[in-house]
Amino acid sequence: MKSGLEALQLSNWIDIDENFVPELNLKAQRLKESYSDVVATLPGSEAGQQEILDLLLAHLLEYFPEYYRLEGTKIENLKTGQVWEISDYEDVPIALAGQLVQEDLCLMQPTSEGHVLKAISSTFPLFWRVPDKIGLPLYKIHHPVPQFPEKLKHPLELYFERLKPDRPGTRIAWGIAPTPLLVIAWYQPTEGWEKAITAENAGEHLWLRTEHQTLRRLPKSGDILFTIRSFVDPISALKDYPTNRKNLATVIRQMPPETQTYRGMQPFLEPLLAYLER
1 MKSGLEALQL SNWIDIDENF VPELNLKAQR LKESYSDVVA TLPGSEAGQQ
51 EILDLLLAHL LEYFPEYYRL EGTKIENLKT GQVWEISDYE DVPIALAGQL
101 VQEDLCLMQP TSEGHVLKAI SSTFPLFWRV PDKIGLPLYK IHHPVPQFPE
151 KLKHPLELYF ERLKPDRPGT RIAWGIAPTP LLVIAWYQPT EGWEKAITAE
201 NAGEHLWLRT EHQTLRRLPK SGDILFTIRS FVDPISALKD YPTNRKNLAT
251 VIRQMPPETQ TYRGMQPFLE PLLAYLER
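According to the numbering used here, the residues represented by the sequence shown are 1 to 278, in order.
There could be a bad hint or two in this list.
Subject to a maximum C-alpha distance of 20 Å in a straight line, what follows is the list of computed DMTMM-like cross-link-like pairs (lysine to aspartate or glutamate) [stated by the list, open to error]:
id, residue 1, residue 2
1, 133, 113
2, 246, 277
3, 220, 46
4, 220, 71
For each label pair, taking beta carbons as the anchor points, the in silico distance ranges come out as [stated by the list, open to error]:
id, residue 1, residue 2, range
5, 171, 270, 27 to 37 Å
6, 142, 180, 20 to 30 Å
7, 4, 71, 36 to 46 Å
8, 240, 187, 24 to 34 Å
9, 174, 240, 15 to 25 Å
10, 187, 35, 14 to 24 Å
11, 12, 72, 39 to 49 Å
12, 131, 180, 19 to 29 Å
13, 88, 192, 46 to 56 Å
14, 175, 22, 36 to 46 Å
15, 9, 76, 21 to 31 Å
In case anyone wonders, no lab produced these hints; they're calculated from the structure. Yeah, the Cβ is synthetic: ideal placement off N, Cα and C, and Gly gets one too.
Generate coordinates for the entire structure from the input sequences, incorporating the hints supplied.
Next comes the structure, spelled out in structure tokens:
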């Protein structure tokens, strides 16, 4: 139960890899099918949203000129062929910002309750929903996390308060899911699915979900941009890394039962551990 926050080089703020095109296509599909499950904003967040879009556009054009082109008031994705008229998003800039990159974007605004989630574009949340989180302060967003009030609430709030525009931070979070789908909302488990997972096949039926998260104070508005870049790999990818596999098993065994339950591991906990430790 540690935040794991480290300093971030701004050149590493945004990540683009071989999944760029398919993941942006997933974002476009999800927006079309269920916009309200991806984008949510509250009044008073407009300036912070616009600052996110402005910073993102400047960063992408500087570091990824082979992926993006700005012509007048239009931004083009050179890999997908998508073209957006920037002025079409004057009311909801974060909706455009979220379509440009593989990261999910969350705008946290300082208030008397602490930092509150005031705007979000999130296509790939892991077992949580955008409508359930918008408008909540940091401590309520993490309320379901076991031991959060005792061990993480104060350190995280202090980190948010002290975060400087020129000193962004980063951390890695992880979970294990019974599906490779990045869009968890599309996952429809069959009855008794957990009974099919054994110590022999857990590597092929379970996936390690990691998140590269960044935190950046916006210099003009003073809001904080929290980004989440999600990756999914089969547990079997660890077969050639016995030390990493055993370390993961050790971490899982050291978790309190309520944390294992919160992370959704209980249905497959024993076969997963048996697979990792064999």
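Going down the list of hints, with the structure as the test:
1. 133 / 113: Answer holds: residue 133 to residue 113 is near 15 Å, not above 20 Å.
2. 246 / 277: Holds: residue 246 and residue 277 sit about 6 Å apart, inside 20 Å.
3. 220 / 46: holds (12 Å)
4. 220 / 71: violated (25 Å)
5. 171 / 270: 27 to 37 Å: Between residue 171 and residue 270, where Cβ atoms are some 29 Å apart, the hint holds.
6. 142 / 180: 20 to 30 Å: At 26 Å between Cβs, range holds.
7. 4 / 71: 36 to 46 Å: At 41 Å between Cβs, range holds.
8. 240 / 187: 24 to 34 Å: Between residue 240 and residue 187, where Cβ atoms are some 28 Å apart, the hint holds.
9. 174 / 240: 15 to 25 Å: Check passed, 19 Å falls within 15 to 25 Å.
10. 187 / 35: 14 to 24 Å: At 20 Å between Cβs, range holds.
11. 12 / 72: 39 to 49 Å: Once the Cβ atoms are compared, 30 Å apart, the range 39 to 49 Å for residue 72 and residue 12 is violated.
12. 131 / 180: 19 to 29 Å: About 25 Å separates the Cβ atoms of residue 131 and residue 180, which means 19 to 29 Å holds.
13. 88 / 192: 46 to 56 Å: holds (47 Å)
14. 175 / 22: 36 to 46 Å: violated (21 Å)
15. 9 / 76: 21 to 31 Å: holds (27 Å)
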